[in-house]
Amino acid sequence: MNRATYEKMTQPFRDHPEMAWVLHKTNSIFTGIFYVLYPLLLLGLFCAESDSLIKTLMIPSAGFLLVSGLRLLVNRPRPYERFGLSPVIPKDTKGRSFPSRHVFSAAIIAAAFFVQQEPWLIGTGAALFVCALVLGALRVIAGVHYVSDVAAALVCAGIGLATFYIWP
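All the letters of the sequence shown, read from the start, carry residue numbers 1 to 168 under my numbering.
Because the hints were derived from the structure by calculation, they are not lab data.
Remember, it's a predicted structure, so these values are computed and weren't measured experimentally.
Where hints are given, some of them may not hold.
Simulated crosslink set (BS3-like; lysine-lysine; CA at most 25 Å straight-line) [stated by the list, open to error]:
#, residue 1, residue 2
1, Lys25, Lys8
2, Lys94, Lys8
3, Lys25, Lys94
4, Lys8, Lys91
5, Lys8, Lys55
Please model the complete structure; the sequences and the hints are all you need to start from.
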């Protein structure tokens, strides 16, 4: 992404603050969905005395820590920093753009649902994965991540999904 692409992508939101507000609220709502549903999944697995509780807790947690470490190591500037513009959604974080931790968290939570045995949980996981993709698009459109940040987060979550299947 170059400055011209960034400006073109974010200009409609800069020109129309109400559109920026909708983008910000949509980002917040989508993020909140994941952070409400994941503890409910864990609680449900605990109450059902499910054998999958430990890996449903450990795989996303380990992935979150690894992605956080990678972000610190790479410390990539965010688009709004690189191009000297304010982000469309309220954000003042410096660096730590790669990979997107929001998108990783959303996708690995979707995976945690998807690997369960109950059909309705599998369906919920599939729907949440679509929500994770939308969240990734929102983060790019808002100028807080590059497409490659989102793609890397999805690859990391894909590794997490594979880990669910190889965990004994």
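Here is what the structure says about each hint:
no.	hint	verdict
1	Lys25 with Lys8	holds (21 Å)
2	Lys94 with Lys8	holds (22 Å)
3	Lys25 with Lys94	holds (22 Å)
4	Lys8 with Lys91	holds (19 Å)
5	Lys8 with Lys55	violated (43 Å)
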